[in-house]
Amino acid sequence: MSVPAVPYRVRPARPADARAIAAVHVASWQQAFAGLLPDRFLAELSVDERADHWASWIGGLPTNHVLVVEPEGVLAGGVSDGPVGFAHAGPSRDDDAPPGTAELYTIYLLAEAWGVGVGALLHDAILDRLSTDAWDAVTLWVLGTNARARRFYERRGWRQVAGQRTQEFGGSVVTDYRYGRPLPGS
23 MSVPAVPYRV RPARPADARA IAAVHVASWQ QAFAGLLPDR FLAELSVDER ADHWASWIGG
83 LPTNHVLVVE PEGVLAGGVS DGPVGFAHAG PSRDDDAPPG TAELYTIYLL AEAWGVGVGA
143 LLHDAILDRL STDAWDAVTL WVLGTNARAR RFYERRGWRQ VAGQRTQEFG GSVVTDYRYG
203 RPLPGS
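Last residue of the sequence shown? That's 208 in the working numbering, and every number before it is there in order.
Because the hints were derived from the structure by calculation, they are not lab data.
The beta carbon of each residue, even a glycine, is placed where N, CA and C say it ideally should be.
Worth double-checking, as some hints may not be accurate.
As the list claims (entries may be wrong) - If you anchor each label on the Cβ, the simulated ranges turn out as follows:
no., residue 1, residue 2, range
1, Arg62, Gln186, 35 to 41 Å
2, Ala142, Gln53, 14 to 20 Å
3, Gly139, Asp116, 28 to 34 Å
4, Gly104, Pro60, 38 to 44 Å
Just need the whole structure built from these sequences, with the hints factored in.
Right under this line is the structure:
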């Protein structure tokens with residue numbers, strides 16, 4: 023794992039983080055899915071709608087974890103002073119998941135935090151939380167055309183496993199593939 027040039031910390035999300043998480047969620051979708059999902063769909067994403075969603079999830083269920091990653095201290099040079107990424111994980115939502123399987127529902131970063139080790143830091147922190155909860159394995163769903171995300175996960179021990187689904191975003195149907203891996207300590 024590369025070490026981020028700026029010191030970052032991962033912490034549990036607080037209710038007051040809902041809007042910041044929503045802003046990261048919308049911006050990261052617009053950055054990561056440009057060219058993969060319809061432009062109009064991405065342009066119409068709403069921070070307000072996402073903020074309501076995240077306000078309901080943060081602290082909602084004890085089996086769910088929402089973590090944020092943010093720079094430590096006061097920074098210059100265009101680096102955000104609030105969360106630059108977040109992850110959300112909990113019990114698998116898949117009907118065919120074996121007992122003891124968790125799911126990484128989301129992990130998103132602003133483009134300014136890509137490729138410098140921040141994603142790996144957040145990824146490892148959320149998997150540590152799931153391991154602490156005594157899950158044996160974890161799965162996730164990734165957009166089939168998102169080569170950047172697929173490489174990120176594969177470098178961290180994830181492998182494509184049985185399962186695919188389709189979703190519709192702004193009139194475009196996409197295919198997601200399921201990835202899986204054992205959890206540390208299982």
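Against the structure, the hints:
| no. | hint | verdict |
| --- | --- | --- |
| 1 | Arg62 to Gln186: 35 to 41 Å | violated (26 Å) |
| 2 | Ala142 to Gln53: 14 to 20 Å | holds (18 Å) |
| 3 | Gly139 to Asp116: 28 to 34 Å | holds (30 Å) |
| 4 | Gly104 to Pro60: 38 to 44 Å | violated (29 Å) |
Hint violations for this structure: numbers 1 and 4, all remaining hints satisfied.
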